[in-house]
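Asks: Protein chains in written order, with this note's numbering: chain L, -11 to 414; chain X, 19 to 172; chain F, 67 to 968.
The reader is advised that the hints may include incorrect statements.
[To be verified] Straight line, CA to CA, 25 Å or less: simulated BS3-like cross-link-like pairs of lysine-lysine:
id, chain 1, residue 1, chain 2, residue 2
1, L, Lys21, L, Lys36
2, F, Lys501, L, Lys182
3, F, Lys916, F, Lys966
4, L, Lys182, F, Lys275
5, F, Lys433, F, Lys588
6, F, Lys198, L, Lys409
7, L, Lys182, F, Lys465
8, F, Lys372, F, Lys120
9, X, Lys117, X, Lys153
10, L, Lys269, X, Lys110
11, X, Lys110, L, Lys409
12, F, Lys489, F, Lys501
13, F, Lys138, L, Lys182
14, X, Lys110, X, Lys153
15, L, Lys182, F, Lys470
Hints are computed from structural coordinates only; laboratory data are not their basis. The model shown is predicted, which means the values in this text are computed figures rather than measured ones.
Listed below, chain by chain, are the residues.
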Amino acid sequence: MTTTPLTQNIRPGREPLSLKEYEAAGGYQALRKAIKELSPTDVQTMVKDARLLGRGGAGFPTGLKWSFVPMGPDAPRPKYLLCNADEMEPGTFKDRLLIEGDPHQLVEGMIVASYAIQADVAFIFLRAQYDRGAERLRRAIAEAYSAGYLGKNILGTGFCLELQMHESAGRYICGEETALLNSLEGRRAIPRTKPPFPPVVGLWGKPTVVQNVETICNVPHIVNGGVSWYRALSRCEDGGTKIYGVSGKVNRPGAWELPLGGVTVRQLIEERAGGMRDGLKCRGVLPGGASTDFLVEQHFDTPMDFKSVAKAGSRLGTGTMIVLDDQTCPVGMVLNLTHFFATESCGWCTPCREGLPYMENMLRAIEEGRGEERDLAALEEHCRWLGPGMTFCPLAPGAVEPVQSALKYFRDDFERHVREKRCPWR
Amino acid sequence: MLTETERREIEHEVQTLGHRRAACVEALKIVQAHRVWVDDEGLRDAAAAVGLTTAEMDNVATFYNGVFRRRIGRHAILVCESVSCFVCGCEKLFEHLKKRLAIDAGQTTADGRFTLVPICCLGCCDRGPAMVIGKDLHTDLTPEKVDLILERYS
Amino acid sequence: MATIHVDGKAYQTRDGENLLDACLSVGLNIPYFCWHPVLGSVGACRQCAVKVFKDAEDKRGMIVMSCMTPVKDGMLVSIDDPDARRFRAQIIEWLMLNHPHDCPVCDEGGECHLQDMTAMTGHDYRRTRFPKRTHRNQDLGPFINHEMNRCIQCYRCVRFYRDYAGGRDLDVFGVHDRVYFGRQADGALESEFSGNLVEVCPTGVFTDKTLKQHYTRKWDLQMAPSVCVHCGLGCNTTPGERYGTLRRIVNRYNPEVNRYFLCDRGRFGYEFVNSEHRLRRTLVDNEPVERSEAIRRVADMVKAGKRVIGIGSPRASLESNFALRQLVGPDRFYQGFGEDERRLMAKIVDILRNGPARTPSLADMEKADAVLVLGEDLTNSAPRMALALRQAVRNKPMKEIAAKVGIPEWSDAAARTAIQDAKGPLFIVAPTGGKLDDAAMATLRCAPNDAARVGFAVAHALNEKVPAVEGLGEEQRALVEAIAQALREAKRPLVVSGPSCNSEDVVEAAANVAWALCEQGKPCELSYVAHECNSIGLALLGGGALEEATAAIDAGQVEAVVILENDLRRRVGQDGRGGRSGHGGSGNDSIAFVLLDCLAGEEKRGVYLPAATFAEGDGILINNEGRAQRFVQVFTTDDDIQESWRWLVDVMVACGRSEAAAWRTHDDIVAAIAQSIDVFGPIPRTAPSADYRFAGQRIPREPHRYSGRTAMRAHVNVSEPKPPEDVDAPMTFTMEGAQTKPDAELTPFFWSPGWNSIQALNKFQEEIGGPLRGGSPGVRLIEPRENATVCFFDRIPPAFQTRAGEWLIVPTRHIFGSEELSVLSPAIAELKTRSHVGMRPEDAETLGLKEGDEVRVELAEDQVSLRLQIRPDLPRGCASMPQFLQHLAGLTLPQWAKIKGK
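Please model the complete structure; the sequences and the hints are all you need to start from.
Replies: Set out below in structure tokens:
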């Protein structure tokens, strides 16, 4: 069997498979198996035993999440499955690959996951500007409907599912799962109070599971290949493969499906991305998107799995890393990031709404040569008070991760800016 | 007044989503698709179509960055300013666009052709710097490439 | 109960309560912004952070938001923890980044929650050097001033306005640090409760625009506990005065009545007190005379044995009505209601006193879990009650949906997410209305007869002893069944009705519904709206109707009339039908007139005695619940003004009436009322007597920071006058006196060290949102009769039949317009409803008429020309006209009329 289940069908140039081609490649077999041979609980158990961790960034065990959904005849209806395809984390482009390259894989995953939690309605919440993906998904959904994979009485089993796609009007915070629920309800995408969690009180107040695109794409393969095969795909205690990506000034930026934990930071840059461009040096990486701490030279041999990256002081996040080279100003880079997070704050809680723009102001001052010594201390303080638990949702704690680690690893650069009253890279 | 087409499209969304208010974002997008931006009248009528007051509709409209509540040009140029594009030099590209179009971020060219809109990420970080014009994605940009691309839009 | 340990000290609190509420309840200080006692917790501002520790071993602890943390028994908490303190200081620093340093010119200054919390947190140094964000302000109408630059984005305004009060025109716009709270475009706020934004906003974004016209700091106001006079609900208020003019009204928390909120008529109607239409001097035939001279004139009239009658008033205090009744004798005392209203109010009082159903307080009504409203447009006839019912519909889903998934009531955003649009049963059956409909499960617009019939049918469905209603339509039958089922299943069912339809049938039908349940041993509460602040007091006092008085006058049986605080034009019309008897008379020059009023009439013949408003006198009002409540004089004036009851006592004394000689103070007359009329027996308990002392001292009406006392009159006389003495209440007209927290009935303002805003209220409550220390102001005079034999009403009116070419004109009431005094306030006047005739859009179209057209309304005895207003809420066959609007006064409605275009 394949070792790259998620991308096995993706062609160079990403021309997607039609329904026929997908079926010919073994597509919708997982659906047949699940819906005809397995009970919903069986599927839940398989996913749990497969140790599939959420691929959206937080790494929450998927099977565990599903187990919170009320099941049985007394469960509130309708129940919902939502696919979080709001890929707006800067530096992240893995879901785009899956959506554009193999839309049927996602559709099948949605149906199987819906079956597992007995969802009645499923939505794919797609980020704005993924027009090509939208078009391909729309086609795939229509094909699935006409093949009887969606709608009433799927494959004659009595299971019914409506699948719709919603294109976002654009906001990074929509990727936070409860903000996504509000957005789908036609409200401002403000995160919700937790508890209650979506599996209990979700869309329209009903039980709802929200999963990332990559997570859902894994589900059919677990059903098809079985738990032990799936777990054997990885090089760590959690199961499956991972789509890793590299962007920045490397020779071959891109995304690759590899065994989870089966690659180190250095291997990704050197072997997959072809090393640094034009003789540049890699000073550090944000290993899993914009909201993760920098890793530097001393960490480059860390395997890219959830636990190891956490041990190194960062997070695997989305697994798509951004490379900082030695010709790019680290202060400018974190300024860019902080500007992004400040702009994308939803405006609900004080620390995020006020604290991030304040940090941006200080970083801009430093970058433009107006920085003061006290700004560095103030930035550190901000990193602390914008940390986990202080804010309403994880946006700000994620936002300060690159800043706090930059202050640690690139302190000299900050101090030089302040001392020389200019950006040494300009 | 909404056009017949706009009304029909909005009603279709209402039916699909099953909740009238849930269609408000779609209704805004529909109005925008037909009028380039959402003017006050469009806002009011779209609000009525989904059972909201204008205040409730603007509450949603002003939250999302894909809804234009100010007049824009025929083509919005969404320039990615995410961190990957930053590392790859999007700032220089942005400066080039500003100079070339003689406008600042958020402004529209005098001939009403382009509006320059920075956008947080376009999700093609492996091919930055990138921008979107209309529905067309342009990647691996250089100032020279940008100049050629702009000529394609009238 | 749970025990929590805060910084090493143990406190008893309620289990499951949020930690912030619990800490504030036991008197601890934690700063907060987005949390509000009735709006609950949403965790937005992050200001109330504290540290909690897992156990005694845990030295690091974890910072949590106290408002979002449920209390658990044995919990270890630290407010003083250095990390928690630093975090709270950081929050304030962030909030202050963009806040203008304009406290000296900000109307909120001196009673600003943001100031208080900033001081509490110890943030005192500004580090930022970056430019501040600025916004444009909006014109939000005559009540509310808007200053967005001061906003700290606590979201309280929209949570109150939108989520709590159901307003749909104020919202939040924009995103990140550019969020904006306002309207989509400039324009007057549409909610009838917009004034509460002034108190809900923790800083100076939304401030009282009427106060701005004559601005005074809170600390410079002279204040006293008072009661709103603009409708029958008796909301408690705190009026504030300086330099002889009333400056503003703020809410005075009464846990049983208005709690935290007022309606806009109550808050902004006060300016009539300063009106140029006020009567300030004693006049005889339009010439100023000495007070004693005027008193002598009236006394002579009475002494001469002239046949004197007295006409009382539902907007005058109990004491004044009683004094008039004493002066002229009970047989010659007329209530001052028109016949219809007198009969309705007498019936209501009879139902409440002799029936088995209890009359609930507003707070009780908020706890109802099924409600039927029969014949009332509450938003206009009793606005604060509409707000209470809007909360009641949340009770059922809160229990059946939110509680089931473990969401506590205080976790507001979570509860609203879980509940979504689910509502408890509220049914509205009335001819007109609309603003409360969105909270209702079902609404039926129908003519008064049909409303009564639905009521009777519901009663029958609940209890077979009630006679059945024949000939209901299908729609009505289905509704009847739904209402009956909801009331039957409810734990706290409630029926609301009132006199607004001028229909005894409606009032009786409502009683039948409540009694149908009571008779089966199931408690059902029954509330009737009363239109004026002492309607119920007057009805309890008894007396003839106005028409009987005018009949006596027309029959030549009267030589003199004493009219108490009543513009009779409003009740019986301007023309011959009763005439403008009081203020001029029906051309009968042989009759002598004595008028006691706060407003000057147009005609000046007779003796005019300037009466005190609520602000210049003491008295008791009885609200629709039957709760007697005391209002205390706020300030003294140099004019001839005194309470009507004082004038009347003066007259009686001048007549040599021995009983009145002893009535020199408010306590005296209250005691006399209590002794002479059984139902009023408990009224001396409405407030402590004037000789009561707090730690040996009186209560000062002025805050101890009151400024300018020695200078404020210096332009008149450099020597400071002796402050007036208060013989009626244990209070002073100065800043000296007891600095303790007085009894609830006598709390002149809420203030506590470090708590300068109205949120100092926290320190006056036994627990947050609970009773005030020292009890709830007011004494209930009406309790249901135990073991009452229920005698159901059985006069079922015939079904309403439409008529070709004619409309049944039903009366409407208007929050801004229908009440006599509040419309003299310029802000209210700006929004007041004009005279009009309301028609259904379909009917107007048939007649080829449109909004604003002038139309002729042909009534039985009258023809009036009015502007047309399109009212989609009207039932088929009905049109509407406002009752009590200026030139429509005295109309008997409903009645049939023809309507024609011009």
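Asks: Next, verify each hint and record whether it holds.
Replies: Now the hints, each set against the structure:
1. In summary, the hint linking L:Lys21 to L:Lys36 is supported, as the alpha carbons are separated by about 18 Å, within the 25 Å threshold.
2. Of the pairs offered as hints, the one joining F:Lys501 and L:Lys182 is violated, with about 33 Å between alpha carbons and a cut-off of 25 Å exceeded.
3. Distance check on the hinted pair: F:Lys916 and F:Lys966 sit about 12 Å apart at the alpha-carbon level, within 25 Å; holds.
4. Distance hint between L:Lys182 and F:Lys275 is unfulfilled; the C-alpha atoms sit about 39 Å from each other, more than 25 Å.
5. For the given pair, F:Lys433 sits about 16 Å from F:Lys588 by alpha-carbon distance, which is consistent with the 25 Å threshold.
6. Taking the CA atoms of F:Lys198 and L:Lys409, the gap is near 24 Å; set against the 25 Å cutoff, the hint holds.
7. Distance restraint check for L:Lys182 and F:Lys465: the Cα-Cα separation of roughly 19 Å lies within the 25 Å cut-off, and the hinted pair is therefore satisfied.
8. Between the alpha carbons of F:Lys372 and F:Lys120 the distance comes to roughly 85 Å, so the proposed pair goes past 25 Å and is violated.
9. Among the hinted pairs, X:Lys117 with X:Lys153 is consistent with the structure: their alpha-carbon atoms are about 24 Å apart, no more than 25 Å.
10. A C-alpha spacing of about 21 Å is found between L:Lys269 and X:Lys110, which places the hinted pair at or below 25 Å, so the restraint holds.
11. Taking the CA atoms of X:Lys110 and L:Lys409, the gap is about 22 Å. The hint holds against a cut of 25 Å.
12. A threshold of 25 Å between alpha carbons decides the hint, and for F:Lys489 with F:Lys501 the separation of about 16 Å falls inside it, so the pair holds.
13. For the proposed pair F:Lys138 and L:Lys182, the alpha carbon gap of about 18 Å is at most 25 Å, so the pair holds.
14. With a C-alpha separation of about 23 Å, the suggested pair X:Lys110 and X:Lys153 falls inside the 25 Å cut-off, and the hint holds.
15. A C-alpha spacing of about 16 Å is found between L:Lys182 and F:Lys470, which places the hinted pair at or below 25 Å, so the restraint holds.
When each numbered hint is compared with the structure, violations occur for hints 2, 4, 8.
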